[in-house]
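Chains as they are written, first to last, in the numbering used here: chain A, 499 to 761; chain B, 318 to 623.
No lab work stands behind these hints, which were simulated from the structure alone. Positions of the beta carbon are idealized from the N, C-alpha and C atoms, including for glycine. Any given hint could be a false lead.
Per label pair, the in silico range of CB-to-CB distance [what the hints assert, rightly or not]:
1) Ala499/B x Thr670/A: 34 to 40 Å
2) Val413/B x Asp512/A: 24 to 30 Å
3) Val432/B x Ser556/A: 17 to 23 Å
4) Asn540/A x Arg428/B: 24 to 30 Å
5) Ser643/A x Ser429/B: 29 to 35 Å
6) Arg590/A x Gln403/B: 52 to 58 Å
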Amino acid sequence: MAENDPIIDIAELDFAYGRQAVLKGIDLPVRAGTALGIIGPNGGGKSTLLRLLLGLLSPTRGRIRIAGLSPRQARRRGDLMGYLPQNPRISRDLPLTARQVVHLGLAGKTGLLHRVEAADRAFADALMRRTGAEEFADQPVAELSGGQLQRVLICRALAAQPKILLLDEPTTGIDAAGQVRFVEFLNDLKQLLNLTLVLVSHDLRTVSAIADRIACLNLTLHYHDIPGHVPAEVIHRTFACDLEAMQPWLTQSAGRPSTEAPG
Amino acid sequence: MVDAIGGQTLDGGAGLIVEPIQPLCLIASASSAVVSAATLSMACALLGLVVVARRWAFVGEGIAHAGFGGAGTAWMLVVFFPSLAQVSWLVYITVVVFCLSMAVAVGWLERSGRVNSDAAIGIFLVASLAWGFVAREVYRHFNPSYPPDWETYLFGQLRGISAGYALVTVMISIAVVLVVVALSKEILAYCFDPELAEVSGIPAAFIHYLLMILIALVIILGVRIAGGVLVTAMLVLPAVTARMLAQRLRSVVIAAMVCGVLGAMAGLAVNHRWSFLPAGPSIVLMLFAQFLLAYGIGRLRWIGGE
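Can you make the complete structure from the sequences, with help from the hints?
Pasting the structure below:
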């Protein structure tokens, strides 16, 4: 992979569940160190696109390359992609502490029958200190609040020092103050670890505060590549609703500076 | 009536002439039962933590009941090919094949997510039981009696367990424990959240089917001890009890194994003292008593903490 090649390259991608087309003709390169926000209505294919990037689904047509690898190869390396799902279906019956959960994020990178390296463990612990998760590191994960659990799961996703972090609706169920803190938290991590972020959300405010490029997805990709604000006609085409409905978000988001992409 | 934990009853037939060698056999048989029950209950307790975390208790039920269908298949084969009656291991093979096939099929249903796996297990479970009962009656129709030891596959029969069978049980149980320990980080990650495990690079499908097969193996062995109807108790009860007694992973694992072994030993002791009480159900009731005790302790702690 050459230096300037995109770290994620999606070309002519189609995906369908049976006969139901979900994504059509998607071309979307993402450069390393940038943050891409994907917005669109429910059922517009946002989460499906993330699942395709993770290799959990296979494209009907087209090609996805992640650092020059297929999504499956990239996933199996264990140190290329981190993922925060929208509704993690964790088992609360396992007696694990927050720290143990974060260390589990190293299992894929370490490989079968190998011991986790001390340096990796130390990085995961440092990450917990940096993100404030250290405070509840030794609490049972079943007793954590929603916000604490999310922090733990992000540390878990980043424990193996991946280059890419994929987030699916990360601010769902978080109050307004919590969302502001989350945005700061994520921007801080992005700078610190030089991450490439792909963030899926229907919340324009969060997306525009984190992403430096925004893509509107509803079956097809309506728009991407221009930082700052999203033109009204694109919103209309993506969400198929009147601009007035989106206006409060747009006026707030349009004025916000986008995050600078490092390097 | 001489009946130790695993001894054969010797009061049948005319006159009791116990040769000097027989008490030794009895001791060997009794210790075979003790050793196999102890090691197997350890493996069961360890996998029980997986079963509870993944909510696979009903999966265990399905695999266990497949054993009776497997035995039924052997009886049917004997009806149609009477010469097979001489093949003593035929029924073991069919039971193992049925239980492992059930494990893999259920594993596939669980993973594919396309079918309601709970309903599918329910269907296979009753079909397997029905097939076993039909086969038993067909066998009875063409033979003077029911198939030998048919109750074993439902209610277990620890008596007269051979040293060879005990050795196999001990070896497989130890192998199961070693595999779980060797792959503990992958198994924990999988049990915590299969999808997160998969996206973080763990071979989730391999771990999933491996766990299904390990569970099937201990169930197959446990059918002999507790019976197909009760064997899942040996998986679920120690794990749930341990979870109520301890908070940390290490202590929960140790507590589950101790509970499993103590329950098995207590059940065998009951069977030893009152030989008319069957070993399998005694073990299950002892495990249940532990659970009630742990629950009581938990409630007291909670009231005390308030």
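Checked hints:
1. Ala499/B x Thr670/A: 34 to 40 Å: Cβ of Ala499/B to Cβ of Thr670/A: about 38 Å, so the range 34 to 40 Å holds.
2. Val413/B x Asp512/A: 24 to 30 Å: With a Cβ separation near 45 Å, Val413/B and Asp512/A fall outside 24 to 30 Å, so the hint is violated.
3. Val432/B x Ser556/A: 17 to 23 Å: About 21 Å separates the Cβ atoms of Val432/B and Ser556/A, which means 17 to 23 Å holds.
4. Asn540/A x Arg428/B: 24 to 30 Å: holds (26 Å)
5. Ser643/A x Ser429/B: 29 to 35 Å: holds (34 Å)
6. Arg590/A x Gln403/B: 52 to 58 Å: About 53 Å separates the Cβ atoms of Arg590/A and Gln403/B, which means 52 to 58 Å holds.
Checked against the numbered hints above, the structure breaks only hint 2 and satisfies the rest.
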